[in-house]
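**Q** Sequence:
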Amino acid sequence: MFIKGFFLAVGLSALGAMVSGTANAAICAGPDRSFELTVSSGCYAYGGGNINGNASHDPMMIGANSGGNTITYISSALGGLDFIKGLSNWSDSSLSSSVVGSVTVAASDLTGFTNYVLGLKVGNNKSVSWASFMIAGAGTFDFTITPKQGAGISHVNLYGVRGTTTQIPLPATGLLFIVGFAGLLGTRRLFKQ
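Our numbering applies: residue 35 is where the sequence shown begins, and numbers increase by one.
Calculated directly from the structure, the hints in this document are not laboratory data. Glycine included, every Cβ here is placed at the ideal spot set by N, Cα and C. One should not assume that every hint holds.
FRET-style restraints, in silico, Cβ to Cβ [unchecked claim]:
#1 Ser161 x Ala141: 34 to 42 Å
#2 Ala140 x Gly102: 26 to 34 Å
#3 Gly171 x Ser110: 15 to 23 Å
#4 Ala98 x Thr138: 28 to 36 Å
#5 Gly197 x Ser131: 34 to 42 Å
#6 Gly173 x Gly197: 16 to 24 Å
Could you build the full structure based on these sequences and the hints that come with them?
**A** Here is the structure:
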């Protein structure tokens, strides 16, 4: 009985969060525009100008202002962000004062990267024209941008820190092979007796 009650309470709580629209929502708000995204982490940075995946101009990749492209960090800056790709699987629609929509990040988009950041870009008529959010992994993320501009989103970028692999030096690999092989021989002798 207790278990049924527990799951009912958890389910109702989750339903209440979805109805109220606050389920894991993060907000990046500058002086004249706010971006909201359903995420598990939070706002990473926002700025003016453009984020375009160009390592010499994109403030997300440089980690600093670059010409007319500005960045304001909300959380700690990640070192070595790389541009993964521009996403095309997003949709948006304009309301009277906002742009709402969703974007899908596939698991295959994240292969070889860690510390994922999703950037949303709209027009440049305000001091805040883009915002970026930390995401935990693949999924579909709903967004709201207020105030709207023009037709809505101009582009969506995905960034990440290139993953590193730990390599075992060759001498250690050889030693592991010898130890494993000796273990197999010992096991064989044990079963022969």
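**Q** Okay, which hints does this one fail, numbers in order?
**A** When the structure is compared with the hints, none of them turns out to be violated.
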